[in-house]
Amino acid sequence: MTPIQFLLILFSVLIVLLYFQRLRSRLLDRLVFFLLAVIAVVMVGRPDWANAAAHFLGVGRGADLVTYLGISGLAFLWLGLYTRQREMDVCLTELARRMAILQAEPPKKKRGRGK
Amino acid sequence: MPKQAVLNSDIFIVVPAYNESVVIRDILRPLVASGYSVVAVDDGSRDNTWGQLKGLGIHRMRHPFNLGQGAALQTGVSYALQQSAQFILHFDADGQHDPEDIPGLLAPLLAGRADVVLGSRFLRKEDWQVVPPTRRLLLKMAIFVNWMLAGLWLSDAHNGARALSRRAAQLIILKENGFAHATEILQQIRSLGLRYQECPTRIRYTEYSRLKGQRAWSAFDIFVDLVIRRILR
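Those sequence lines, one after another, are chains A and B. Under the working numbering, think of the first position of the first sequence as 1, with each following residue one higher. Under the working numbering, think of the first position of the second sequence as 1, with each following residue one higher.
What the hints contain is simulated information worked out from the structure, not anything from laboratory work. In this text the structure is predicted, and so the values were computed from the model without any measurement. Each hint should be verified, as a subset may be incorrect.
Here are the in silico distance ranges between beta carbons for each label pair [unchecked claim]: (1) A:3 with B:228: 38 to 46 Å; (2) A:15 with B:141: 45 to 53 Å; (3) B:107 with A:76: 49 to 57 Å.
In silico negatives: residues of chain B with every beta carbon more than 10 Å from chain A [what the hints assert, rightly or not]: (4) 10; (5) 58; (6) 64; (7) 124; (8) 142; (9) 175.
We put the CB at the ideal spot given by N, CA and C, even for glycine.
With these hints in hand, go ahead and build the complete structure from the sequences.
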């Protein structure tokens, strides 16, 4: 095993442990995450398998395949986060609006001023 | 349309204000003096706008943090409707609008000819002559963008002076917090089938309003907001 392989695998395992410990998410999320981590470890540990998979899909090298999949995955992630961000903005706006309306200060009753 | 006398106090002017402490009192005083009900929405200003809104005989309200002009307008309108406003006007806080244009904006509503009246600086020669040339070009482009996205061809774009009937104000719900609300309003006018009309208004280009107003760059931001919204609806 080369040093980089060791580092990448260590990194993957650490991330999985962190994820499982810190984020109490749904079982499905955990399964998907775990599966992705296993794939990552396998691709790092057996680059020839990654190469074979790449060839099968019509990509030259395993590393390229990882890059392409990685970018697609990131785009997905970004879109998901962006959507959630916008949903949160809507909630936040609604909250601020209700506060503003509840705390609105109407004019003091007229004291001979006005029309 | 039932003909009945409309009190000026049934006419609510919503003024969204963000960091306008320097001018806000001077902008609001003539509106209050005319007997209109004025709702000023401090959109989480970092200066003393909130303090300046005190003692003016207006309804003052405040967002706990800055949300954008569209959000502030919607807050003010929702509140005005609760206060049983019959007609609602949008009015910018930087002094670019002329209070003398208000009766003109209201007239088509009072006559029952329109649900929404939109101010335009391009209907009278004396109005558009004062628009700086670069601004004129930018606005013409915005008119085109509005037509593409909202399907309404108007003579002006991003003019903050508008008048709405109670019904129109109830139906139009702004979700676009930023400046893109100006196009969103048009989209809703069209999809709701509201009757609209343009009305000549004067824009005062003061040194202050030019510094405070929307910059050319923001046009791009607005465009991106609108396009993303279209895609992610």
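Cross-check of the supplied hints:
Under the hint 38 to 46 Å, the C-beta atoms of residue 3 of chain A and residue 228 of chain B, about 44 Å apart, fit the expected range. Between residue 15 of chain A and residue 141 of chain B the C-beta distance comes to about 47 Å, which sits within the given range of 45 to 53 Å. A hinted range of 49 to 57 Å holds for the C-beta pair residue 107 of chain B and residue 76 of chain A, which are about 53 Å apart. With a least CB separation of 13 Å from chain A, residue 10 of chain B remains clear of the 10 Å interface cut-off, as annotated.
With a closest Cβ-Cβ approach of about 6 Å to chain A, residue 58 of chain B is found to fall inside the 10 Å limit, against its non-interface label. Not every CB of chain A lies more than 10 Å from the CB of residue 64 of chain B, the least distance being 6 Å, so the non-interface label is violated. With a closest Cβ-Cβ approach of about 30 Å to chain A, residue 124 of chain B is found to remain outside the 10 Å limit, as its non-interface label requires. The claim that residue 142 of chain B lies off the interface holds: its Cβ sits roughly 23 Å from the closest Cβ of chain A, which is beyond the 10 Å cut-off.
The beta carbon of residue 175 of chain B is not kept farther than 10 Å from every beta carbon of chain A, the shortest such distance being approximately 7 Å.
Violated hints, in rising order: 5, 6, 9; the structure is consistent with all others.
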